[in-house]
Amino acid sequence: MSPRPDAAEAPGISHPIDTDRTALTAIARRVFSFPVAMAMSLSVLALLTVRGRLNDPDFWWHLKTGEIIWNTHAIPRVDLFSYTTHHHAWIPHEWLAQWTLYGGYHLAGYAGVMLWLWLASTLLFVAVYALCALYSGNAKVAFLGGMLVWFFSTIGLAPRPQILGYLFLACELLLIHLGRTRNPRWFLALPPLFAIWVNLHGSFFLGMAVLGIFVACS
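Using my numbering, you'd call the opening residue of the sequence shown number 169 and step up by one each time.
Calculated from the structure, these hints are not laboratory results.
Where is the CB? At the ideal position from N, CA and C, for every residue including glycine.
Take the hints with a grain of salt, since some may be wrong.
[Claimed, not checked] Pair ranges (Cβ atoms, derived):
1) 255 x 277: 29 to 35 Å
2) 370 x 204: 30 to 36 Å
3) 240 x 276: 17 to 23 Å
4) 278 x 253: 46 to 52 Å
5) 277 x 205: 31 to 37 Å
6) 258 x 352: 36 to 42 Å
Assemble the whole structure, with the sequences as input and the hints as a guide.
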């Protein structure tokens, strides 16, 4: 009687090691693909652009407000900085952005602020890149879209809440496109997006206008 063939050598049955290698190869091809390389290029470009950008005239009071919120665990309700309106009623509508900005400074000093700015810039460029990629289906065209945003935002790239407003506007457009073309469940992410955005920067009004135009035209 001939010996029973091993299960690993039986026809139609793949070896577990070969399956793992195939899966790893597929993951590696996605990670090191051309579209991912384009996104990484935008991240490097953001790093080179934001280096040493601490000379924004509004940086100091954004950082100080974040420090007050960080230490007191409360949002200021009166003006603490100006002379003419000292202790007048004040609504710090950017408190969450200021809190995160000081969080970066608290953890790593000015290097932490630069990390905060680099992450925000990278997420902005990559979000626009992803949006353009969905619209065009071409990584090269999407990269040009990211470069266009980089070109027009170089002046405004500074450690201030405004950059988070740009980021959330790009994310809103991305969610609207995904909800319209892929799955309506993507629309469910819009309320949490606005709940955070309204505490980051006043540009959420622009986002609501964009959403209103989309609803009116749908």
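Exercise. Which hints from the list above does the structure break, by number from lowest to highest?
Worked result: Per hint list: single violation, 4.
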